[in-house]
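Use these hints to put chains Y and H onto chain L, whose structure you have.
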Amino acid sequence: MEPAIRVEKLSVWYGRTPALDGVSLEIPRHQIFGIIGPAKSGKTTFLKCLNRTIDFVPGARVSGQVIIGGQDVFRMRDVFALRRRIGMVFPLPVGLPLSVYENVAYAPRRAGLSDRQALDQLVETCLRQAMLWDEVKDRLDMLGTRLSGGQQQRLTLARALSHRPEILCLDEFSIAIDPVTTMKIEDILRELKQHTTIVLVTNLVHQARRLADRTAFFHAGRLVEVDETEKLFTAPAQRLTQRYVNGEFG
Amino acid sequence: MPNDNREKASARQIGAGWLGPRLDRLWDAIERPVEWLVRLCGYSAILFVLAIFVFVFLEAAPVLPKLDWYEFFTSIQWRPTSQVRVQYGILALVVGTLSVTGLAMALAVPLGLGAAVYLSEFCSGRLKEVLKVVIELLAAVPSVVWGFIGYMVVGPVLMETTSAEIGVNLLNGGILLALMSVPIIVSVGEDALKAVPDAYREAALALGASRWEMVHRVLFPAARNGLLAAVLLGVGRAIGETMAVLMATGHAIRIPQSLVDPIRTLTATIAAELGEAVERGEHYRVLFVIGLVLFGVTFAVNLLADLVVKGIGGEQGN
Amino acid sequence: MGSPEERYRIETSVVPPSHPGPGDWPYTSLRAALEALGRHAAAVQWTSGQDVYFDIVRQPPAPGKQPRRRPVHRFFVHLQAHGEGGDGSETSPWWGVRAAVAGLVELAELGEIELAPGRRLRLRHVEMFSASSLERAKRIKEVVAQAVLLAMTLMLVLPLAGVVGYLVVRAWPALSWDFVWQNPQDYMTAGGVWAPLVGTFFLVLGSLAVAAPIGVLAGIYLNEYAPDNWWTRLINLAVMNLAGVPSIVHALFGVGAFVFALGMGKSLLAASCTVAVMTLPVIITSTREALASVPMAFREACWNLGATRWQTIRTIVLPNSISGILTGVILQVSRAAGETAPILFTGAVFFVPVADHGLASLIPYGPGDRFMALSMHLFTLATQVRGVPESTQYGTAVVLIALVLAVNSLSIGLRMYFRTRKRW
Numbered sequence: 000m001e002p003a004i005r006v007e008k009l010s011v012w013y014g015r016t017p018a019l020d021g022v023s024l025e026i027p028r029h030q031i032f033g034i035i036g037p038a039k040s041g042k043t044t045f046l047k048c049l050n051r052t053i054d055f056v057p058g059a060r061v062s063g064q065v066i067i068g069g070q071d072v073f074r075m076r077d078v079f080a081l082r083r084r085i086g087m088v089f090p091l092p093v094g095l096p097l098s099v100y101e102n103v104a105y106a107p108r109r110a111g112l113s114d115r116q117a118l119d120q121l122v123e124t125c126l127r128q129a130m131l132w133d134e135v136k137d138r139l140d141m142l143g144t145r146l147s148g149g150q151q152q153r154l155t156l157a158r159a160l161s162h163r164p165e166i167l168c169l170d171e172f173s174i175a176i177d178p179v180t181t182m183k184i185e186d187i188l189r190e191l192k193q194h195t196t197i198v199l200v201t202n203l204v205h206q207a208r209r210l211a212d213r214t215a216f217f218h219a220g221r222l223v224e225v226d227e228t229e230k231l232f233t234a235p236a237q238r239l240t241q242r243y244v245n246g247e248f249g
Numbered sequence: 000m001p002n003d004n005r006e007k008a009s010a011r012q013i014g015a016g017w018l019g020p021r022l023d024r025l026w027d028a029i030e031r032p033v034e035w036l037v038r039l040c041g042y043s044a045i046l047f048v049l050a051i052f053v054f055v056f057l058e059a060a061p062v063l064p065k066l067d068w069y070e071f072f073t074s075i076q077w078r079p080t081s082q083v084r085v086q087y088g089i090l091a092l093v094v095g096t097l098s099v100t101g102l103a104m105a106l107a108v109p110l111g112l113g114a115a116v117y118l119s120e121f122c123s124g125r126l127k128e129v130l131k132v133v134i135e136l137l138a139a140v141p142s143v144v145w146g147f148i149g150y151m152v153v154g155p156v157l158m159e160t161t162s163a164e165i166g167v168n169l170l171n172g173g174i175l176l177a178l179m180s181v182p183i184i185v186s187v188g189e190d191a192l193k194a195v196p197d198a199y200r201e202a203a204l205a206l207g208a209s210r211w212e213m214v215h216r217v218l219f220p221a222a223r224n225g226l227l228a229a230v231l232l233g234v235g236r237a238i239g240e241t242m243a244v245l246m247a248t249g250h251a252i253r254i255p256q257s258l259v260d261p262i263r264t265l266t267a268t269i270a271a272e273l274g275e276a277v278e279r280g281e282h283y284r285v286l287f288v289i290g291l292v293l294f295g296v297t298f299a300v301n302l303l304a305d306l307v308v309k310g311i312g313g314e315q316g317n
Numbered sequence: 000m001g002s003p004e005e006r007y008r009i010e011t012s013v014v015p016p017s018h019p020g021p022g023d024w025p026y027t028s029l030r031a032a033l034e035a036l037g038r039h040a041a042a043v044q045w046t047s048g049q050d051v052y053f054d055i056v057r058q059p060p061a062p063g064k065q066p067r068r069r070p071v072h073r074f075f076v077h078l079q080a081h082g083e084g085g086d087g088s089e090t091s092p093w094w095g096v097r098a099a100v101a102g103l104v105e106l107a108e109l110g111e112i113e114l115a116p117g118r119r120l121r122l123r124h125v126e127m128f129s130a131s132s133l134e135r136a137k138r139i140k141e142v143v144a145q146a147v148l149l150a151m152t153l154m155l156v157l158p159l160a161g162v163v164g165y166l167v168v169r170a171w172p173a174l175s176w177d178f179v180w181q182n183p184q185d186y187m188t189a190g191g192v193w194a195p196l197v198g199t200f201f202l203v204l205g206s207l208a209v210a211a212p213i214g215v216l217a218g219i220y221l222n223e224y225a226p227d228n229w230w231t232r233l234i235n236l237a238v239m240n241l242a243g244v245p246s247i248v249h250a251l252f253g254v255g256a257f258v259f260a261l262g263m264g265k266s267l268l269a270a271s272c273t274v275a276v277m278t279l280p281v282i283i284t285s286t287r288e289a290l291a292s293v294p295m296a297f298r299e300a301c302w303n304l305g306a307t308r309w310q311t312i313r314t315i316v317l318p319n320s321i322s323g324i325l326t327g328v329i330l331q332v333s334r335a336a337g338e339t340a341p342i343l344f345t346g347a348v349f350f351v352p353v354a355d356h357g358l359a360s361l362i363p364y365g366p367g368d369r370f371m372a373l374s375m376h377l378f379t380l381a382t383q384v385r386g387v388p389e390s391t392q393y394g395t396a397v398v399l400i401a402l403v404l405a406v407n408s409l410s411i412g413l414r415m416y417f418r419t420r421k422r423w
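So the protein sequences, as listed, match chains L, Y and H. Under numbering that gives the first Met the number 0, the first residue of the first sequence carries the number 0, and numbering increases by one thereafter. Under numbering that gives the first Met the number 0, the first residue of the second sequence carries the number 0, and numbering increases by one thereafter. Under numbering that gives the first Met the number 0, the first residue of the third sequence carries the number 0, and numbering increases by one thereafter.
The following block holds chain L by itself, in its conformation from the complex (with noise of 0.2 Å):
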């Protein structure tokens, strides 16, 4: 089955500091594909090539391709499409100033759907997948930036499903939030992945041992190596990375 994303020589440049080189690889569907790797080693900047939010980074030059559905990303025409094909979760929880509501239907909005029927259910349906709906159903016309930080973080996410993506990308999602929600996340994760692939980008070794069904390391821009998980942290190919998971630095 053709990958969900397949990138091809991926660099870029922020200035005159590379921050990715040269990196390709291959992301299966259905599936949650794990990323490690030590602070600075390109993690969050290759998340952003993938939804060319790059683009909203001054400076940054990219050179080599990611393909998604058959096109290079960085030839879409329809950069705004591209990205709500894409879900995107942050480090640190943001609620936006709208009601709970809206925040949810932010997205579906903008891309044109008003019906009000239709976007209550599409709220609902985001907000139970996120495990958020029992916490907030009789308050949807509060501020999201009211919630606590790991209802923020669920809303997000249900906010990052409200355009139903087919691929859904996670940044150390998990750093600022409490071990409960945490682990409520996890179990949503490994419901979503029967029909979303899954990008983990996590600094928590564990957590993409728990998780993820392939992984990859990064270290200072470079994919050092890739494999299923369970061999990449028992039997990994390079040094590099046994010193990694065994905790030897990062």
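Treat the hints as calculated values from the structure; they're not laboratory data. All values reported here derive from a predicted model rather than from experimental measurement. Careful, some of the hints might be misleading.
DSS-like, lysine-lysine: derived pairs with alpha carbons at most 25 Å apart [said to hold, decoys possible]:
1) K309(Y) <-> K421(H)
2) K127(Y) <-> K140(H)
3) K193(Y) <-> K140(H)
4) K137(H) <-> K131(Y)
In silico contact screen, one side only, chain H against chain L (beta carbon under 8 Å); selected entries [said to hold, decoys possible]:
5) Q58
6) A225
7) P226
8) D227
9) L304
10) R422
Here chain L is said to cover these stretches of chain H; the calculated rule only asks that three of the stretch's residues, wherever they fall, bring their Cβ under 8 Å from a Cβ of chain L [what the hints assert, rightly or not]:
11) 148 to 161
12) 207 to 220
Just so it is clear, CB atoms sit at the ideal spot from N, CA and C, and this is done for glycine as well.
Below, chains Y and H alone, put in the same frame as chain L:
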């Protein structure tokens, strides 16, 4: 009933799209023209600055080649309406501007920086908010009201208390300009002090310094650039002031011999004489030349302030 | 030495007394107790931070009667410092236990320590930095500095209060609602300020109608769209310099550009445009600040959801910064109302005949007409017209300053109100 809840929730939505889907589509449709308009307005600032220079230049242009530049800058004889010999020397006016600005700064800089330090380091909470509001309101007083005060109140007081022969003079103008420049010195100065990281303060206090020592040994050097910029902006404000000096410094076009001599500034000269001069005549155009001089000077001062803030032309306060 | 009624004991916080039992009063004189104290204290392990005290208590008079045993003399030992000893009083310690005991003995012999029955003498080890003369000087400097700076700040408060107060007091005879509603009469030696007031109103309206849209849009460009290059730096420089141009140069520009080049002649329109250019840079700057106060995280979240820049701006950024933009614009209202120089030669005049009643008195000027303005009116009354009663002059000043301060206070008030309604 669940639908009712959601209707209510939707009706009370904050933000996106609640004005209705048709309006939403309209907002989206005008995206292109709006972005174009936004860009245009952004560029307009340059347009206006250039336009100011160009139009003042155009009105001044015919007289530029005919002007005796040496006399212009070095002579104190300003006799544009003389029947005998017309002279355009602005030296006395320049000295007038510089002296009243200098006096104003001598009063405003210590006062302004002192207040900035007090607000930033020794003051907090309610009192600080009140004082900042007061200073903002002080800045809001129109210059014509200051001129009025100078003319009607400060003048007679000066005549009583000093050896002044006439109430409208250098000192009068200096006091008014000081009061007008202080708010900007305080506000920019306070910003400069606020920008110094707390780590500097804590380090100094941990070493046993009192708060005052911390201020003048650590904060001033660290915030030097910003404080200097604050002073420069105050200078720019004072140089450019028109109405207050027009009404309160008198009409004597000569170099002041004492603090209570009347003087005339460049700005006041233009304001006082433009209405009387023959439209687009020689005198008229020379006043525009003075306008160019003023434009150049304030441009330079503001440029200097900007460079100072960025740390060029002086060491970084580290 | 010592009488039979005089008995003492030592109590300490650290070392258990060598003589247990509350009934023990082993020492027959103060001096004996002090000497024993010396030996005690020398044996104690002084540890930093630990509060150690030695009390010498004189036996209370009768077994049943136990008066309150407060320490009547307090001395303390400061072990850390070197140098000569003090007198051990609470402000000047002894440095060292031996010095302390020797000093106490001396004090006892001089009769400076007297213990009534039941009272105690406390010798205490306290860790402290004594107020040396250097430090005391520092503290004085600090207090003085704070006082001076406060005085400086107050010197700014007083002029404002003084100015407003004085103006009102001198204007009092002339101030009335009629003063506001009536037109100037008798060559402005009588009557009110209605025509100038209306003129100022239209001037402000006109200038803001031009400056506000351009300024807000320019602010949006600079904060939301402008790339980080030399062209943007140039624009920022231009805004800054535009803000610094003297008001009289704005007047010259107005004459050259609007009155002559664009053919508006001396008119309300020309003056409005001139004032608009003057207020433009401040509107741009305050709009930028209002937009910048919206956290970047919100924008990034929207972009990742597939929203365009403009969609993000109109749905999230603008609604949450409109309050800041509004207060910035209102602030410029007061500036436009107060400025005189830019309108002196571009359309404001001393006197224009204006109807006293009816619609014409509400809208007395068309865009092409010369007009009266409050700021110019004040200038004229004070310096050009003879025979104007002082109260009228002061009254005009009061109306102008009241207008300006009212608008400013409104802006400040709105700012505070919006701060409480922050959505994040």
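Right, here's what the structure says about each hint:
no., hint, in the structure
1, K309(Y) <-> K421(H), "32 Å, violated"
2, K127(Y) <-> K140(H), "22 Å, holds"
3, K193(Y) <-> K140(H), "23 Å, holds"
4, K137(H) <-> K131(Y), "29 Å, violated"
5, Q58, "65 Å, violated"
6, A225, "10 Å, violated"
7, P226, "7 Å, holds"
8, D227, "5 Å, holds"
9, L304, "4 Å, holds"
10, R422, "4 Å, holds"
11, 148 to 161, "violated (count 0)"
12, 207 to 220, "violated (count 0)"
Hint violations for this structure: numbers 1, 4, 5, 6, 11 and 12, all remaining hints satisfied.
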